[in-house]
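Student: Sequence:
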Amino acid sequence: MAYHKLFASAASLALAFGLAACGNTDVTVDPETQDKPVETSESPEQHGDHEGMDHSGSGEIPAGLMEAESPTYEPGSNVIVNADHMDGMEGAEATISGAYDTTVYAVTYTPTDGGDVIENHKWVIHEELKDPGSAPLEPGDTVTLNTDHMSGMQDAEAEIVSAEDTIVYMVDYESADGEKITNHKWVTEEELSAP
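Numbering-wise, the sequence shown is residues -20 to -1, 1 to 175 according to mature numbering (1 follows the signal peptide of the UniProt record, and there is no 0).
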């Protein structure tokens, strides 16, 4: 009888170790205690000033934003991105998922979640500002952001750095590290070229 209990206990222990080995968390033994498992994980991917940026989007556009009537690059066409808003973007092949007429701004703001000041962030469009009045706004104007491209951006106070009436594009592309980005907002016409 005791033999069967011992066998059952050993089998249960072996099963527990087998299941633990199938998990996704790396476990190492603390060299000082030799008995406390320490979970290890890789640090999150960093994107410089664009850490926390939501690279992919839903494809929803802000209220009032109008599709461009005759964009240089039609939705569905392939382009090369000549901008480095984030790591892996420069030189990427992309597909246009939308083209819109608007005023585009570079802005400097302090994230509402306590992060460092983000300088010259590209891009925010007029329709992503709270009660902005008529476009275009002038460099030095203060606005409230009504978008969440990045962590801490929604409701942040920002200063306009530059303003330009132009066509902006939403694009799908694969970054240099293999990440597939869909509906990325925004890239200007000057930041694109034909493949």
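Hint data in this document are derived by calculation from the structure and do not stem from the laboratory.
Be aware that one or more of the hints could be misleading.
[Unchecked claim] Ranges of calculated distance between the beta carbons of each label pair, as one might list FRET restraints:
(1) Glu40 - Thr168: 13 to 23 Å
(2) Ser50 - Ala115: 15 to 25 Å
(3) Met46 - Asp157: 29 to 39 Å
(4) Asp157 - Glu118: 17 to 27 Å
(5) Ser142 - Thr90: 32 to 42 Å
(6) Glu73 - Asp111: 36 to 46 Å
(7) Glu47 - Gly94: 14 to 24 Å
(8) Thr88 - Gly56: 16 to 26 Å
(9) Gly120 - Ser173: 26 to 36 Å
(10) Pro42 - Ala63: 30 to 40 Å
(11) Asp145 - Asp111: 18 to 28 Å
We put the beta carbon where it would ideally sit given N, CA and C, even for glycine.
Student: Against each hint, give a clear statement of whether it holds in the structure.
Tutor: Results for each hint:
1. Glu40 - Thr168: 13 to 23 Å: holds (20 Å)
2. Ser50 - Ala115: 15 to 25 Å: holds (20 Å)
3. Met46 - Asp157: 29 to 39 Å: Holds: the Cβ-Cβ distance is about 34 Å, inside 29 to 39 Å.
4. Asp157 - Glu118: 17 to 27 Å: About 38 Å separates the Cβ atoms of Asp157 and Glu118, which means 17 to 27 Å is violated.
5. Ser142 - Thr90: 32 to 42 Å: violated (19 Å)
6. Glu73 - Asp111: 36 to 46 Å: holds (38 Å)
7. Glu47 - Gly94: 14 to 24 Å: The hinted range 14 to 24 Å is violated for Glu47 and Gly94, with Cβ atoms some 37 Å apart.
8. Thr88 - Gly56: 16 to 26 Å: At roughly 34 Å between Cβ atoms, Gly56 and Thr88 fall outside 16 to 26 Å, so the hint is violated.
9. Gly120 - Ser173: 26 to 36 Å: Given about 32 Å between the Cβ atoms, the range holds.
10. Pro42 - Ala63: 30 to 40 Å: Violated - the Cβ-Cβ distance for Pro42 and Ala63, about 21 Å, lies outside 30 to 40 Å.
11. Asp145 - Asp111: 18 to 28 Å: holds (20 Å)
Consistency with the previously given hints fails for numbers 4, 5, 7, 8 and 10, ordered from lowest to highest.
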